[in-house]
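Engineer: So the chains spell out like this:
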Amino acid sequence: MKYLDEYRNETMAQKIVGEIRRIITRPWVLMEVCGGQTHTIVKYGIDHLLPDEVELVHGPGCPVCVTSLEMIDKAHAIAQRPDVIFCSFGDMLRVPGSEFDLLVLKSRGADVRVVYSPLDCLKIAKANPDKKVVFFAIGFETTAPGNAMAVWQAYRQGVKNFSVLVSHVLVPPAMEAILQSPLNRVQGFLGPGHVCTVVGYEEYEPLAERYHVPIVITGFEPMDLLEGVLMTIRQLEAGTAVVENQYPRIVKREGNKVAQELVNKVFEVCDRKWRGIGSIPKSGYRLREEFREHDAERLFDVGAIDTQEPSICISGLVLQGVKKPHDCPAFGRQCTPEHPLGATMVSAEGACAAYYAYGRHLQAEKKPLQPV
Amino acid sequence: MCLAIPGKLIEISENAEGVRMGKANFGGIVKQVCLEYTPEVNTGDYVLVHVGFALSKVDEEEAARTYKLLEEMKQLSELDDPEAEDHLPVAPPGFGT
Amino acid sequence: MSDKGRPEEGGNILMGSCPLPLTNYQEIVLAHGSGGKLSQQLMQKIVLPQFRNELLEPLHDGAVFSIGGARLAFSTDSYVVNPIFFPGGDIGKLAVHGTVNDLAMCGARPLHLSVGFILEEGLPMNDFWRIVQSMREAADAAGVTLVTGDTKVVDRGKADKIFINTSGIGQVREGVSIDPKRARPGDKIIVSGCIAVHGIAIMSVREGLEFETEIASDTAPLNGLVEAIFAIGKDVHVLRDPTRGGLTSALSEIAQSAGVGMLLDEASIPISEEVKGACEILGLDPLYVANEGKLVAIVPSEDAGTILSAIRSHPLGVDAAVIGEVTADHPHFVLMKTRIGGSRVVDMLSGEQLPRIC
Chain A
1 MKYLDEYRNE
11 TMAQKIVGEI
21 RRIITRPWVL
31 MEVCGGQTHT
41 IVKYGIDHLL
51 PDEVELVHGP
61 GCPVCVTSLE
71 MIDKAHAIAQ
81 RPDVIFCSFG
91 DMLRVPGSEF
101 DLLVLKSRGA
111 DVRVVYSPLD
121 CLKIAKANPD
131 KKVVFFAIGF
141 ETTAPGNAMA
151 VWQAYRQGVK
161 NFSVLVSHVL
171 VPPAMEAILQ
181 SPLNRVQGFL
191 GPGHVCTVVG
201 YEEYEPLAER
211 YHVPIVITGF
221 EPMDLLEGVL
231 MTIRQLEAGT
241 AVVENQYPRI
251 VKREGNKVAQ
261 ELVNKVFEVC
271 DRKWRGIGSI
281 PKSGYRLREE
291 FREHDAERLF
301 DVGAIDTQEP
311 SICISGLVLQ
321 GVKKPHDCPA
331 FGRQCTPEHP
341 LGATMVSAEG
351 ACAAYYAYGR
361 HLQAEKKPLQ
371 PV
Chain B
373 MCLAIPGKLI
383 EISENAEGVR
393 MGKANFGGIV
403 KQVCLEYTPE
413 VNTGDYVLVH
423 VGFALSKVDE
433 EEAARTYKLL
443 EEMKQLSELD
453 DPEAEDHLPV
463 APPGFGT
Chain C
470 MSDKGRPEEG
480 GNILMGSCPL
490 PLTNYQEIVL
500 AHGSGGKLSQ
510 QLMQKIVLPQ
520 FRNELLEPLH
530 DGAVFSIGGA
540 RLAFSTDSYV
550 VNPIFFPGGD
560 IGKLAVHGTV
570 NDLAMCGARP
580 LHLSVGFILE
590 EGLPMNDFWR
600 IVQSMREAAD
610 AAGVTLVTGD
620 TKVVDRGKAD
630 KIFINTSGIG
640 QVREGVSIDP
650 KRARPGDKII
660 VSGCIAVHGI
670 AIMSVREGLE
680 FETEIASDTA
690 PLNGLVEAIF
700 AIGKDVHVLR
710 DPTRGGLTSA
720 LSEIAQSAGV
730 GMLLDEASIP
740 ISEEVKGACE
750 ILGLDPLYVA
760 NEGKLVAIVP
770 SEDAGTILSA
780 IRSHPLGVDA
790 AVIGEVTADH
800 PHFVLMKTRI
810 GGSRVVDMLS
820 GEQLPRIC
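Heads up: the protein sequence lines correspond to chains A, B and C, in order. In terms of the numbering used here, the first sequence has 51 at position 51, counting the first letter as 1, and numbering is strictly consecutive. Positions in the second sequence are counted from 1; adding 372 to them yields the numbering used here. Positions in the third sequence are counted from 1; adding 469 to them yields the numbering used here.
Treat the hints with care, as some may be off.
Claimed, not checked - Covered by chain C, according to a simulated footprint, are these stretches of chain B (three or more residues, beta-carbon under 8 Å): (1) 374-381; (2) 387-394.
What the hints assert, rightly or not - Listed next, with one range per pair, are the computed distances between beta-carbon atoms: (3) A:126 - C:499: 48 to 56 Å; (4) C:591 - A:257: 46 to 54 Å; (5) C:591 - A:123: 22 to 30 Å; (6) C:784 - B:411: 34 to 42 Å; (7) C:675 - A:239: 32 to 40 Å; (8) A:271 - C:787: 55 to 63 Å; (9) A:183 - C:788: 45 to 53 Å; (10) A:202 - B:411: 48 to 56 Å; (11) C:801 - A:239: 46 to 54 Å; (12) C:519 - A:113: 30 to 38 Å.
Claimed, not checked - In silico DSS-like links for lysine-lysine, alpha-carbon gap of 27 Å or less: (13) A:252 - B:429; (14) A:106 - B:380; (15) C:630 - C:703; (16) B:440 - A:265; (17) C:657 - C:703; (18) C:630 - A:126; (19) B:380 - A:323; (20) C:627 - A:131; (21) A:257 - B:380; (22) A:2 - B:440; (23) C:657 - A:106; (24) A:123 - B:440; (25) C:657 - A:43; (26) A:123 - B:380; (27) A:273 - A:323; (28) A:265 - A:132; (29) A:106 - C:514; (30) A:131 - C:630; (31) A:126 - B:380; (32) C:514 - C:650; (33) B:429 - B:440; (34) A:282 - A:252; (35) B:429 - A:160; (36) A:323 - A:282; (37) A:265 - A:282; (38) B:440 - A:43; (39) A:282 - B:380; (40) A:257 - B:395.
Since the hints were made in silico from the structure, they are not lab data. Virtual Cβ for every residue (Gly too), placed ideally from N, Cα, C.
My request is simple: use the sequences and hints to build the entire structure.
Structural biologist: Right under this line is the structure:
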């Protein structure tokens, strides 16, 4: 497949790793922000190819993992209603709420459906006028255009039985929260390539400058990640801290203006609670007032939600890159993909799940945490 | 985040509700995509698709240029670090201990 | 303790000391049927303890035993696939091939099948007719006879159109000894063709994917291919058809059964461009997607070349390839050298692989 296969090339991987080895003089801690990037790293064994001086920590770029427990419980409460068809991306189906997950609810008779695109839900809504179709609109800025279009089309076409439960999150505030934390060890970032496809990377420039960290906007194929690491290490070795674009075949500095326009028309920025991390100001999207008829959070009164997280779960620390999955006493024992205690084990993009799926619970970790 | 795949645009049309749609070919699989966010694309272009929406046109010139740079890197690293090959283990370190 | 749908959690569950499954689901969930870890646990914790006997122990595709000097194989399979008609086949064809193949994987010549139908009230007669015809064609092509059967009808809504069970008996070939425990370090692992075809064919109908060249299920009777392999007279250690749970489940089970490790080479695993494209779009890993008319053979390394040629000469094996080897390292685990030279462990999934957006 063009623009995929050529970025999965062994010889090229060796070249890039060779070059990293040639220029690196001391240990560095890098964070890849996106869950999709974590997935690629673990799937291809990239961190094992890199020299020991490079430590990759995994960021909170997994919207599934960071959707707040309250929101998950609300989703579950809505899904259980007999008049509702609850639509979701596949990723959300096994995320544990306080009591259930969507798959268990499905087994108990809830009408839960996996969709590939938010527009599919509109079709379902039109085909089932007597039901209320609710779509779980999670994601980072990448998914916002798709979700916005579904709402916009529902609004335009008067599809009254369609609504969305919005839990969008934004990357820059999360990165800033990590950078501001006294526990932070991250010295350079591989920035979120597909998020920046939509919003561009201008807003990362003040971050790079204020905190003096290089941020390299990186793609998702193995070559992209290796090149992203190389570019970040080059900057760290040179002492520079600017935003660079590793992924120029897709990402432009200004992003996709057309998409941004509709996203801003449908959504507005709000505070959001991140599972495992806590509330981060101005870090999410919610529907604007004009679209209240399609806002599931307003339409469904699901009552006061009392949430309980298992106390042993350290997914918050994993999401911030402070701990690795195998630092958690429950990893691979009480907490497995069959029996996840926290969202980072459930989502395919969660660091814990990725580590588990690619066998990390079976391997001793050879790279100790480096002092900064 | 976030799974997005490049595909070749083979058809452009408008659906019943006036939304600009198209069909993209992903290695032989043809899938419908919404083109509202990429008004500039034409058939034959490659687009990046996420949850059924084209989010960006693939800049083929840029791709070729940066890929060429990666290929040219070869000579430098081989000259300076001929032992690089030895560092690539087949089994991950520490496995089984 | 409240009656929750979710597994119990807390400090009283420690691996190794608790006889109950870690996954203490109060109800069956779909994942229990997907061929992954939960399926395995269901078998091991609930079914097997009730039926312990040496014929069941190997947990191979069928049971092999002797009666009056004849070595027989006996197997059963149930089909509940939705949609019941799909590119390349239908539920009836799958049901015949499924049991024929299980018997072939025991090293047996399939002889006779039984069929049990559970029909949902409201199933169009024409659909049932098509399925039965298809089963007859499949049985003829595989050289087996349907000798007994049963039909039940249940109320509308109590079965998804049609469920089919087939069971079968075959005679094990002289001198053949197929057993997952025979996999030994140094053996080569061969797959008979491109992977993930059936699962993607099914999903294409479900997800409304359109293909330039339609992806048809690879369902096929493998007994002819297996005959061709045995005809060259080499010793084959293990045969397995990687159905639900994909290549990974099949290899993991063998590795665990035999107490060996395996090392795969990602670049050697045959896969078609279209199937790869579909997997990319849906975010699926082809290693976990179901196959039908494909087999995995684990053979002594000195015979691997000859056996591979024999498979490739058969119409069902043209894309066969050696994809890895059995090793004494990392027993019970399957490792894979990735396309870019890295490495990862290929572990069984817990349940269904779901499409993802992340």
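Engineer: Looking at the structure, which of the earlier hints fail to hold?
Structural biologist: Violated hints: 2, 3, 6, 7, 10, 14, 15, 16, 19, 23, 24, 31, 35, 39; rest satisfied.
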